[in-house]
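Engineer: Here are the chains, one letter per residue:
2 protein chains.
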Amino acid sequence: MFREKLAQDAALIQSHFDLVLSALDELDVTRAMTYATQGGKRLRGFLVLESARLHGIDAARAIWPATGIEALHAYSLVHDDLPCMDDDDLRRGRPTVHVKWDDGTAVLAGDALQTLAFELCVRPEVGNAEIRAELTLTLAKASGAQGMVLGQALDIAAETAAGPLTLDEITQLQAGKTGALIEWSACAGARLAQADPTPLRQYAQALGLAFQIADDIMDVEGDAEKAGKRLQKDAEAGKATFVSLLGLDAAKSRAAELVDQACAALDEYGSKAETLKQAARFVIARDS
Amino acid sequence: MFREKLAQDAALIQSHFDLVLSALDELDVTRAMTYATQGGKRLRGFLVLESARLHGIDAARAIWPATGIEALHAYSLVHDDLPCMDDDDLRRGRPTVHVKWDDGTAVLAGDALQTLAFELCVRPEVGNAEIRAELTLTLAKASGAQGMVLGQALDIAAETAAGPLTLDEITQLQAGKTGALIEWSACAGARLAQADPTPLRQYAQALGLAFQIADDIMDVEGDAEKAGKRLQKDAEAGKATFVSLLGLDAAKSRAAELVDQACAALDEYGSKAETLKQAARFVIARDS
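If you read the sequences in order, they're chains A and B.
With UniProt numbering, letter number 184 in the first sequence gets 184, and the count goes up by one each step, no holes.
With UniProt numbering, letter number 196 in the second sequence gets 196, and the count goes up by one each step, no holes.
Note that these hints are calculated values from the structure, not bench results.
Glycine included, every Cβ here is placed at the ideal spot set by N, Cα and C.
Errors might be hidden in some of the hints.
Result set (BS3-like, lysine-lysine): computed pairs, CA atoms no more than 30 Å apart in a straight line [said to hold, decoys possible]: (1) A:K141 - B:K41; (2) B:K100 - A:K239; (3) B:K100 - B:K233; (4) A:K100 - B:K233; (5) B:K233 - A:K233.
Negatives, chain B to chain A, calculated, CB over 10 Å [unchecked claim]: (6) E130; (7) Q202; (8) A240; (9) S244; (10) S271.
Which residues of chain B face chain A? A few of them, derived with a C-beta cut under 7 Å, are [claimed, not checked]: (11) T30; (12) V122; (13) A133.
Use the sequences and the hints to build the structure in full.
Structural biologist: Below, the structure is given as structure tokens:
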């Protein structure tokens, strides 16, 4: 039931990408952009579409920022996979962009996907100018050197640090690296309706942390084929993770606790929030 | 006189960068961002500030998009200089970011500078939401896969093409690669005032092309020390340029003609447009 909903939203986002990207000239860079936006769970776009539905906002409007956040996520993956970053050959079960093309094409395609993300959030179709400006400003804060890029930079700094990170440091790192975009996505629905995003923010903060703990658990316990990417990377690199710091069992109970918190934050929405609550439960049960 | 004005605006932009970037955590990535935004002519930021003055817009508002467009320009240079792109060691007379730090830091710093560019254009200080949304949307169109990145992609495609580019193809390539951001910068003042940007657009289109022809002339005739970057790259790479296609003398007269056109486009503004006209003359007389 929930997986069907997720798949439906993913299909909606995919056809919107097709529409948007087919307007571009056919070149290696634009082909690489299309390739990089295919597949994936679309969890961030799903959060935009579902939080919008929760506020009575039509998918015809929400699809723009939903596709935008997926473009931003795709850019971060393309650049993260580069040899000078994480050096990954496999993503969503396929060769990464720099393997299929080359490093220069991957840099440019990622750059253009970031630009596209902002364009999709600020287009007239999204709503009035107040809404578009607010979505764009908060997206910039969530993804730049005070958000996602800060998390990535802390991650790189950790590699050359004297000892492994503490639990507090890992939590800060992950709040930037994955938390900020998940929070933005869940709050987008409230912003589209010019409503208070506080409950969705609380939901997303717990969800984002649970998501990352689940990622660390998958890195240890997961099946690389199902995950579509290389696993056990953190252990190989001697990196501290939630699992190495808490132990596997405590990490699992912490994730389950956070999912309960995430669900509780949405109680005021009543049964309308059921899909988002299911999403929180899904996040710690997924295998990819 | 004009060079003083340009230097004054450059100093204004520099102190605004200092203000904005000092709010970030101290990490290699943020240090690299600061480094990459130092120096340079600041022509694009100057065009924002001067076109704003032409419309009676205060520098306290215009400084945000002026700094934003320079952040965007800086991002494009940091990524362009990477080994997998143009592989340049020297920029503005100093080691490039990936030489001073490493490739990963250069990718991330460029990424965060692009994000910063959008943030600076959409911040509340810039004006009402209509203005901020319009500046941001037009910036995305000018810099993404239909603007600057398209120009860069065409440039890369030209390297593996069967023969050298024609004059039409080079003109299209440069309209994206440098023209789109110059046009956005010159139109920004009209957009800040919610006025018609048509005269400024005509000015900028002629100016942008003159700028690129002048760059090609400098690549042949210039002094690498004054330019602060490696020259004669195009000839070494066997690339078609305005000089190789038109010849040196014809390229010079074409640039001078374009400067006259740029100035004529601003006639309706009367003497208020004198600084922008001087900028057009400067563009073909500069040595860096």
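Engineer: With reference to the structure, classify each hint as holding or not holding.
Structural biologist: Now the hints, each set against the structure:
no.: 1; hint: A:K141 - B:K41; in the structure: holds (28 Å)
no.: 2; hint: B:K100 - A:K239; in the structure: holds (26 Å)
no.: 3; hint: B:K100 - B:K233; in the structure: holds (22 Å)
no.: 4; hint: A:K100 - B:K233; in the structure: holds (28 Å)
no.: 5; hint: B:K233 - A:K233; in the structure: violated (41 Å)
no.: 6; hint: E130; in the structure: violated (4 Å)
no.: 7; hint: Q202; in the structure: holds (25 Å)
no.: 8; hint: A240; in the structure: holds (18 Å)
no.: 9; hint: S244; in the structure: holds (23 Å)
no.: 10; hint: S271; in the structure: holds (34 Å)
no.: 11; hint: T30; in the structure: holds (6 Å)
no.: 12; hint: V122; in the structure: holds (5 Å)
no.: 13; hint: A133; in the structure: holds (4 Å)
Hint violations for this structure: numbers 5, 6, all remaining hints satisfied.
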